[in-house]
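**Student:** Each chain is listed here by its residues.
Number of protein chains: 2
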Amino acid sequence: MDLTEKKLRGEQVFSGGFLKVTRDEVELPDGKVATREFIRHPGAVAVLALTDDDRLVMERQYRYPAGREFIEIPAGKIDPAEPPHETARRELLEETGFTASQWRYLGKAWPCIGYADEVIHYYLATGLRQQARQLDEGEFLEVMLLDRDEVQQMALDGTIADSKTIVGLHWLAAWQQGKLPGETV
Amino acid sequence: MDLTEKKLRGEQVFSGGFLKVTRDEVELPDGKVATREFIRHPGAVAVLALTDDDRLVMERQYRYPAGREFIEIPAGKIDPAEPPHETARRELLEETGFTASQWRYLGKAWPCIGYADEVIHYYLATGLRQQARQLDEGEFLEVMLLDRDEVQQMALDGTIADSKTIVGLHWLAAWQQGKLPGETV
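So the protein lines, in turn, are chains A and B.
By the count of our numbering, the first sequence reaches residue 710 at its end, each step adding exactly one.
By the count of our numbering, the second sequence reaches residue 710 at its end, each step adding exactly one.
Careful, some of the hints might be misleading.
Repeated chains share a single entry, so a pair holds when one copy, or any two copies, can fit it.
As the list claims (entries may be wrong) - Pairs of lysine-lysine, DSS-like flavour, derived with a Cα cap of 25 Å:
no.: 1; residue 1: Lys557; residue 2: Lys704
no.: 2; residue 1: Lys602; residue 2: Lys557
no.: 3; residue 1: Lys704; residue 2: Lys602
no.: 4; residue 1: Lys545; residue 2: Lys602
no.: 5; residue 1: Lys531; residue 2: Lys704
no.: 6; residue 1: Lys545; residue 2: Lys532
Derived from the structure by calculation, the hints contain no laboratory data.
Given the sequences, and given the hints that come with them, work out the whole structure.
**Tutor:** What follows is the structure in structure tokens.
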């Protein structure tokens, strides 16, 4: 059965300082018309940065929408015309101060398919070296180096509750078990 | 270091047929003021529904924002004043036609901490019995029963690319390995 919804017309109905909302009228598989509202997002990257002594570079960050702190992997939005693997290098350095000698691509996932077009590309960074970090103005986050097994446990006991991070840890474990190729980039 | 951002003032700046955007001014940890825009969402549930012969109830659904189909676990929004475990029973029945004799709570995760307050509660449903499904008007999805090992493989090879589903499969695997309690609800 073809489930495709075809765009009939559409417009941007909200443009804030950060969020942009599009509203399209679409034709459903049965020919009826429905409305779809969603956030347009440039896409993002997330980085599993693993030290030589098997620790993960993690961040503690307050996330205002949820009103709480999260422990997360480094991540950030793709700049216009920026290749995602460059975003990964840039964000890891800016947020944590780490550079990496080896980069692998683990996969991509859509975090919010109900109301956003955002896709997140996941990278594994190894051969880490630390420099000074370069946080954006108004960006506050604490960098932590945590034992990989401890982080995997935190993704089960509720300490890590950010879906992006749990997906990344799932793929890291699969890569370490030889179940995911992790192509060098 | 206290990373909390304190609300100074705020308002709803967009209210569409489906999405609501809030814009707040907040005080940052250094005392400066910044703007936070985000989607207000009532929260959702997602269901790992496992048959007695070790198959998962999966859905194929077209997701307009991403412009493609996804293979997903059943999920849906929490209705006003609805307890999440009731949402789980309702959505599984409506979308797939299955009821379950045993329900377990696996955990919760935030899919979009950058721009939404949505939290997703994950349930494991077993002891399944099939009835007729009751799709909402304008809802089109195909229900599939897929071997659990096959589904886990699909979460690694790119066939499953929905973060909500990958998180659920991660927790299902942990529960089956005895690493997650999965309290009965």
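**Student:** Compare the structure with each hint and give your call.
**Tutor:** Each hint, compared with the structure:
1. In this assembly of identical chains, the alpha carbons of Lys557 and Lys704 never lie at most 25 Å apart, being 43 Å within a copy and 46 Å across copies at closest.
2. Proximity of Lys602 and Lys557 under a CA criterion of 25 Å is satisfied inter-copy only: 23 Å between copies versus 36 Å inside one chain copy.
3. Taking the closest pair of Cα atoms, Lys704 and Lys602 never come within 25 Å of each other, the shortest separation being 28 Å inside a single copy and 33 Å across copies.
4. In the homo-oligomer, the alpha carbons of Lys545 and Lys602 lie at most 25 Å apart both inside one protomer (14 Å) and across protomers (22 Å), since each shortest distance falls under that limit.
5. When the C-alpha separation of Lys531 and Lys704 is checked against a cutoff of 25 Å, the pair qualifies neither within a copy, at 37 Å, nor between copies, at 44 Å.
6. In this assembly of identical chains, the alpha carbons of Lys545 and Lys532 lie at most 25 Å apart whether taken from the same copy (18 Å) or from different copies (22 Å).
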